[in-house]
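Q: Per our numbering, the sequence shown starts with residue 1, numbered consecutively.
Keep in mind that the hints were calculated from the coordinates and are not lab data. Heads up, a few of these hints could be off.
Simulated DEER-style distance windows between Cβ atoms [what the hints assert, rightly or not]:
hint, residue 1, residue 2, range
1, Pro-86, Cys-107, 16 to 26 Å
2, Ser-100, Leu-65, 19 to 29 Å
3, Ala-74, Val-109, 12 to 22 Å
4, Thr-64, Val-109, 19 to 29 Å
No residue lacks a Cβ here, since even glycine has one placed at the ideal position from N, Cα and C.
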Amino acid sequence: MALFLYKFILYLTLFDFAALLSAFGSPGVLARGTIGMFHYDETRTLETINLPVLVVSGAADIATLPQASDRMNAELPNSQRVSIKPGGHMALMEQNQQFSQVVREFCTVHSLI
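Produce the entire structure from the sequences given, and follow the hints as far as they go.
A: Take a look at the structure:
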C-alpha cells in the first residue's frame with residue numbers, strides 16, 4: 001500500500017491536489033470544517049494588520065473564490081494580490097515553484113529577507 005501511495009503522489013500533477021485530500025479526509029471532519037467556515041468572519045480584523053501582506057490565490061480556486069481574495073486585498077491596508085495560474089485551492093502545492101517565486105519577490109520588495 002505504501003508503495004502505491006508513493007507512486008500515486010508522484011503523479012499528483014495530473015490531479016487536483018485538493019480533491020485528493022478531500023477523498024482521503026473524514027467526511028465528518030470535512031463537514032464540520034465547512035459548516036464552521038460559514039460562521040467565521042474576521043473582516044474587521046483585516047484593517048488592523050499593519051504588516052505587508054501577500055494575498056495569494058489560485059486562478060481556478062472553487063473553494064475560495066477570487067472575489068474573497070479581492071475583498072481581503074481591499075480591506076488590508078498594505079497588501080498585494082497575486083493569482084497563481086494555473087492553480088486551484090492548493091495552488092501553493094500545485095504550482096510550488098511559481099508560488100515560491102512570488103513569495104521571494106514579495107519578501108525582497110518589502111525587505112523581509
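Q: Tell me, which hint numbers fail for this structure?
A: none
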